[in-house]
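Undergrad: What follows is the residue order along each chain.
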Amino acid sequence: MKHQEAPLDPSLGSPPDSSLDASPDPSRRAFLGIAAGATAAVVAPGFVLQAQAVGNPRAERVSDVHRWGLLVDTNRCVDGCRACVEACDQENGLDLQRKQPGQSEAEWDTQKAVWLRKVKLQDNLTGRVSNLPMMCQHCESPPCVDVCPTGASFKRADGIVMVDRHTCIGCRYCMMACPYKARSFIHEVVEDQLTRVPRGKGCVESCNLCVSRRDQGLDSTACADACTALGHRAILFGDLKDPASAISQALKTMPSRQIREDLDLNTGVRYAGV
Amino acid sequence: MKRIVYREWRIPSERYWSLLGILAAVVGLGGLAALHMEHNGHWVTGMSNAVVWGMPHIFAVMLIISASGALNIATIGTVFGKGAYKPLGRLSGLLASALLVGGLLILVLDLGRPDRLLVAITHYNFRSIFAWNIYLYTGFMVIVIAYLWSMADRMGGPFVKPIGIFAMVWRLALTAGTGSIFGFLVARQAFDTAFLAPMFVVMSFAYGLAIMLLVLMFTFDQEGRPLGHKLRGRLMNLLGTFVAAVLFLTVIYYLTKVYGAKNYELVSWVLFHGGIYSFMFWFGWILMGSLAPLGIIYHPVLSQDRNWIVAACALVILGGMASLYVIIIGSQAFPLQMFPGHTILESGFFDGVNGEAAHYWPTIPEVLLGLGGIGVAMLITAVGVRVLQFLPESLADADLPPEDLGHAAPELAGT
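Taken in order, these protein sequences are the chains called A and B. The opening position of the first sequence corresponds to residue 1 in this note's numbering, with each subsequent residue numbered one higher. The opening position of the second sequence corresponds to residue 1001 in this note's numbering, with each subsequent residue numbered one higher.
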């Protein structure tokens, strides 16, 4: 439809057909239509996301209602088994790490990131041999958090100790302070990584109790799942604050200890049989 | 007695620009090394997940504590009123700030994310001794600049002593804080002691003075300015006292460590079975860094010879590097004692299998970065003394201000 424009100069008087004034202005309609459409396009996704977020653990604030932890029964930990290590590597994309060209195997072994490792130890007096997985012990009073100059190393309300990769400056002081050698520095350019576990050169990282699973509301860790899948059941994950949880029940009945108890860090990872 | 006249360092231009060229080349190499490490990541260094702080930190800590020690001479002149040291106050301040800048640059460029310096400046965790030290270092720079102003400006006279006292307290806190960066680490046996705070303070006196003496003798010799035997002898005596004090504290440090059964293995490893670390301890720290310079300083003939004095100062500095190598790197290389009474048979992460220490060998980029920091410190000093009146025209015995009247000694800014 062709639109007849009104004269711009008022001195020219009204247009001859005054009925045009009474009819709706099509350009205005079109404008309103576009505006409504644009508004809907902008706002609607927000409503959709909001609707999706309701009831999603990722949208809820982490609370101190829980304290996540692990109980390792070293009597069940099998010599030579690396299922937990491999599961951890796959869960966190550590199996995607690659040795740098020109880097020796020996150097790579000391410079690659390791979040979970197996340790085999022998009692000097009795000769008894034990196997156990070592990882971040998720201390209640973590030395790494105390010493971090920027506060990048932090503890969540639910007890998980982790690194904010946006504020980590790569000073490695947390690695100096950790009594468990649990932290790794990313020494090389990260070529490949998983979306759920962002990694980057020059930052420090460590076991975060599969925090992405926590945020999805899943009640397990990769290491515990792998151990259970093989029937070893040496690693038990759970809520230390829930008296009814399996881990709390097991801790009540089974003698256990913290590693470096002398430091009084109240670790979230406990060991039985060592 | 003459008035103290300060004058720019007027060595021939060709020699001066050659010196600047050499220093700029060292700084440039350090910068390239930092770029190389930043671009590729720290895998190009010898540092690992076991020895996380390496050679750059040795250079950085050396420069930072020496900065504090270099200012000691200004303190003795202005706070304690020792007139003989007063003419050295300005050089002392310049050297202090230059050494600190060099040390901090190394630390910053060694970060995994040096591009996040702004984060380090804007995010503070006040439980961290490291964060306190960031304040101590930046505050030190401001205080030293004020101190230099009070020493150099006619209006500054009344403020010299109050600022000097404040600077003294601040730098003692700075060095104690730097020692505490290690002393607060309860997880590692070799650290975990408040003793490292005073030990670093005394180390700073020795290493800072040795650097100051070398710079003083070099600048004066190059221009033919007189440096009296009396003042040089006093500075050497002071150096001897500080080196002996470091030696004494070293003995006490290891005695206190060995007193507890849990540290038997650590001390025995450092002293006898630590390979490069035992060598660094006995040959670097004790023999060449302590006993040899003490022998020169207190030798009736050698202590009068300029070359031997230079050698003594250089040995103190190299011995200091060796001591920091043992303290900082050795303490990380020794395995963490997670399971006392047990032997680690196997580990997926080198937890000291059969008591074996972690391996560390510095790479060229690390050393170049450290040397670059020294280059920056020396470059700032060389430019400073050239363009401003930091150096006294004469330190001949006859020209020195009267003893113990330092604050009242007349002073004339250079012409």
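Hints are computed from structural coordinates only; laboratory data are not their basis. Worth double-checking, as some hints may not be accurate.
[As the list claims (entries may be wrong)] Calculated pairs, BS3-like style, for lysine-lysine (alpha carbon to alpha carbon, straight line, at most 30 Å):
1) A:K241 / A:K99
2) B:K1230 / A:K120
3) A:K120 / B:K1257
[As the list claims (entries may be wrong)] Residues of chain A placed beyond 12 Å of chain B at every Cβ, according to the derived structure:
4) R29
5) A40
6) E107
7) Q111
8) P133
9) R165
10) R172
11) M176
12) K181
13) V274
By construction, the Cβ of each residue, glycine as well, lies at the ideal position given by its N, Cα and C atoms.
Undergrad: Compare the structure with each hint and give your call.
TA: Structure-based check of all given hints:
no. : hint             : result
1   : A:K241 / A:K99   : violated (41 Å)
2   : B:K1230 / A:K120 : violated (64 Å)
3   : A:K120 / B:K1257 : holds (28 Å)
4   : R29              : holds (51 Å)
5   : A40              : holds (40 Å)
6   : E107             : violated (7 Å)
7   : Q111             : violated (5 Å)
8   : P133             : violated (9 Å)
9   : R165             : violated (10 Å)
10  : R172             : violated (4 Å)
11  : M176             : violated (6 Å)
12  : K181             : violated (6 Å)
13  : V274             : violated (8 Å)
In summary, the numbered hints that this structure violates are 1, 2, 6, 7, 8, 9, 10, 11, 12 and 13.
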